[in-house]
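Novice: The residues making up each chain are set out below.
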Amino acid sequence: MRIEPEVSQVAVVLLGHFNPAIFQPWWMARHGLISDAAAESAQIGVVHPDITAFVIEGQFSFEVQRERLAITRTVSPYILVADVISKMFGDLLPHTPVARMGINFMVHFDAGSLAKRDEIGQMLAPPAPWGEWGKLVSSGEGKMHGGMQSLSMIQRNLDDRPAGHILAKIEPSSRIKGRMSGIYMEINDHYEVPEEQAQDARAIVTILQERFDRSLANSRKIVDQIMSLVK
Amino acid sequence: MNKPLRNLDLTTSAPLDRDVVLSDASANLEFRESSSVLKDLVTAQMDRFAKQRKAERIAISTNVTQGVRFDTLSSTVEIPPTPVLGMATLTRPQATFSPLQEWEGYVVSLTDTHVLANLVDLTSEATRPGQQAEIPREEFSDADIEKLSEGSVFRWAIGYQRLPGGTKTRVSQIIVRDLPKWIASELDEAKQRAAVLFKFLNRGE
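Chains A and B are the protein sequences, given in the same order.
Following our numbering, the numbering of the first sequence begins with 139 at its first residue and continues without gaps.
Following our numbering, the numbering of the second sequence begins with 3 at its first residue and continues without gaps.
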């Protein structure tokens with residue numbers, strides 16, 4: 139990407155049927171998914187039959203509810219999250235029903251100035267079609283200046299998956315707060331498998347292994363295209 | 003504006019809850035948004051637990067063990083385990099590290115001090131090894147060194163790490179990949195494909 143992000147993160151989200159109580163750091167360590175030292179250092183948020191959430195600093199954040207499992211990593215190499223899920227549901231829990239998966243890429247980057255960010259916002263969502271109100275939206279200085287707040291674009295015509303989409307979202311970033319020049323983007327690369335393949339996790343795990351790198355590469359290209367508007 | 007992506011909509015987008023101001027995008031990265039869902043869930047569970055406790059006071063008045071069934075005079079009561087709560091851990095910002103360059107490495111040989119590996123440059127979307135490198139063992143974590151052997155696969159990324167306080171440092175990080183085992187059906191499939199290919203290549207003989 140032509141601008142180095144100030145914050146970046148990758149998350150794999152699975153939708154299916156899970157038993158949150160079993161997904162605990164020591165269970166992962168016992169099965170070789172993480173080291174004993176990592177399990178020891180895990181910071182537990184919640185452990186409960188309906189939800190388990192913990193963070194292993196420097197490795198990943200993990201959160202599972204009965205129908206949703208998410209593993210998030212903020213440091214590269216991001217492939218670790220794909221490997222943990224692949225081993226978890228490829229080797230240990232292959233009979234877990236999993237129907238849908240998202241490979242998510244999120245970044246905050248600096249557009250350089252508020253004026254530049256505003257210019258990009260107006261390019262993507264011109265105020266003119268909004269008429270008189272559009273002029274009011276664009277008026278004001280500093281924090282009183284309005285504009286595009288959130289925009290999503292979805293691609294549905296994809297031939298590399300049985301069903302799914304790629305959803306890109308762009309918003310002002312508040313992570314890059316003081317400068318008011320930050321842009322936030324998230325790309326949701328979503329896959330669904332037919333019902334007969336959703337009875338276990340194999341189909342989704344295969345897609346994850348085959349697609350993870352290409353998915354991130356594609357997401358980076360989408361982000362990079364927006365970055366190219368920062369001339 | 004439409005309700006943004008939420009977990010209850012069963013989307014696979016990462017953010018769990020966007021009830022916060024939309025421009026406050028950093029919330030994704032700090033689990034602030036998910037924590038609001040977590041809080042709701044945990045509060046609901048705690049309420050349920052509290053009601054259950056009240057209703058079945060006899061059963062839990064003494065010697066209560068988490069997750070144990072109690073046979074009382076009136077009914078069988080299943081006591082759910084009490085949630086372990088540490089919400090602050092989920093909201094703490096973490097270091098982030100965006101790669102400038104990333105390689106997939108295949109270990110060719112190991113010495114006492116170095117790892118010799120073929121590297122595939124993933125940044126340029128290469129699919130075959132184009133470089134060979136001798137990497138000091140110290141570059142690998144202690145846990146990963148134990149996993150190293152000829153043929154091991156690893157990922158190597160270099161780039162800038164930013165700490166939550168804003169400190170920016172150039173770092174190199176390697177992880178040894180722990181891939182799922184091949185299962186019998188996958189091996190059979192690979193053998194069948196190899197047989198077809200062998201037959202094709204030797205069709206002239």
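Derived by calculation from the structure, the hints in this document are not laboratory data.
Heads up, a few of these hints could be off.
Claimed, not checked - Below 27 Å or equal to it, Euclidean Cα-Cα: the simulated BS3-like pairs (lysine-lysine) are:
#: 1; chain 1: A; residue 1: 254; chain 2: A; residue 2: 273
#: 2; chain 1: A; residue 1: 254; chain 2: A; residue 2: 359
#: 3; chain 1: A; residue 1: 369; chain 2: A; residue 2: 281
#: 4; chain 1: A; residue 1: 254; chain 2: A; residue 2: 281
#: 5; chain 1: A; residue 1: 369; chain 2: A; residue 2: 359
#: 6; chain 1: A; residue 1: 359; chain 2: B; residue 2: 170
#: 7; chain 1: A; residue 1: 369; chain 2: B; residue 2: 170
#: 8; chain 1: A; residue 1: 369; chain 2: A; residue 2: 254
#: 9; chain 1: A; residue 1: 254; chain 2: B; residue 2: 170
Claimed, not checked - Just so you have them, the derived chain A footprint on chain B, three or more residues with Cβ under 8 Å:
#: 10; stretch: 101 to 108
#: 11; stretch: 148 to 162
As the list claims (entries may be wrong) - Quick list of the computed label-pair ranges, beta carbon to beta carbon:
#: 12; chain 1: A; residue 1: 317; chain 2: B; residue 2: 165; range: 17 to 23 Å
#: 13; chain 1: A; residue 1: 278; chain 2: B; residue 2: 131; range: 34 to 40 Å
#: 14; chain 1: A; residue 1: 280; chain 2: B; residue 2: 127; range: 38 to 44 Å
#: 15; chain 1: B; residue 1: 129; chain 2: A; residue 2: 267; range: 43 to 49 Å
#: 16; chain 1: B; residue 1: 204; chain 2: A; residue 2: 294; range: 43 to 49 Å
#: 17; chain 1: B; residue 1: 165; chain 2: A; residue 2: 269; range: 52 to 58 Å
#: 18; chain 1: A; residue 1: 294; chain 2: B; residue 2: 150; range: 40 to 46 Å
#: 19; chain 1: B; residue 1: 135; chain 2: A; residue 2: 294; range: 38 to 44 Å
#: 20; chain 1: B; residue 1: 167; chain 2: A; residue 2: 273; range: 40 to 46 Å
#: 21; chain 1: B; residue 1: 168; chain 2: A; residue 2: 294; range: 35 to 41 Å
#: 22; chain 1: A; residue 1: 367; chain 2: B; residue 2: 134; range: 38 to 44 Å
#: 23; chain 1: B; residue 1: 134; chain 2: A; residue 2: 278; range: 21 to 27 Å
#: 24; chain 1: A; residue 1: 294; chain 2: B; residue 2: 171; range: 38 to 44 Å
For glycine and all other residues, C-beta sits at the position ideal for the given N, C-alpha and C.
Novice: Please go over all the hints and tell whether each is borne out by the structure.
Specialist: Results for each hint:
1. A/254 to A/273: The given pair, whose Cα atoms are some 18 Å apart, holds under the 27 Å limit.
2. A/254 to A/359: Judged against 27 Å, a Cα distance of about 20 Å means the pair holds.
3. A/369 to A/281: Holds: residue 369 of chain A and residue 281 of chain A sit about 24 Å apart, inside 27 Å.
4. A/254 to A/281: At roughly 15 Å apart (the allowed maximum being 27 Å), residue 281 of chain A and residue 254 of chain A satisfy the hint.
5. A/369 to A/359: The hint holds at about 17 Å.
6. A/359 to B/170: holds, 24 Å
7. A/369 to B/170: Roughly 24 Å separates the two Cα atoms, so the pair holds.
8. A/369 to A/254: At roughly 9 Å apart (the allowed maximum being 27 Å), residue 254 of chain A and residue 369 of chain A satisfy the hint.
9. A/254 to B/170: holds, 24 Å
10. 101 to 108: holds (count 3)
11. 148 to 162: holds (count 5)
12. A/317 to B/165: 17 to 23 Å: holds, 18 Å
13. A/278 to B/131: 34 to 40 Å: The hint (34 to 40 Å, Cβ to Cβ) is violated, given that residue 278 of chain A and residue 131 of chain B are roughly 56 Å apart.
14. A/280 to B/127: 38 to 44 Å: The hinted range 38 to 44 Å holds for residue 280 of chain A and residue 127 of chain B, with Cβ atoms some 42 Å apart.
15. B/129 to A/267: 43 to 49 Å: holds, 45 Å
16. B/204 to A/294: 43 to 49 Å: For residue 294 of chain A against residue 204 of chain B, whose Cβ atoms are near 45 Å apart, the range 43 to 49 Å holds.
17. B/165 to A/269: 52 to 58 Å: At roughly 46 Å between Cβ atoms, residue 269 of chain A and residue 165 of chain B fall outside 52 to 58 Å, so the hint is violated.
18. A/294 to B/150: 40 to 46 Å: The hinted range 40 to 46 Å holds for residue 294 of chain A and residue 150 of chain B, with Cβ atoms some 44 Å apart.
19. B/135 to A/294: 38 to 44 Å: holds, 42 Å
20. B/167 to A/273: 40 to 46 Å: holds, 41 Å
21. B/168 to A/294: 35 to 41 Å: holds, 40 Å
22. A/367 to B/134: 38 to 44 Å: holds, 39 Å
23. B/134 to A/278: 21 to 27 Å: violated, 58 Å
24. A/294 to B/171: 38 to 44 Å: With a Cβ separation near 41 Å, residue 294 of chain A and residue 171 of chain B satisfy 38 to 44 Å, so the hint holds.
Hint violations for this structure: numbers 13, 17, 23, all remaining hints satisfied.
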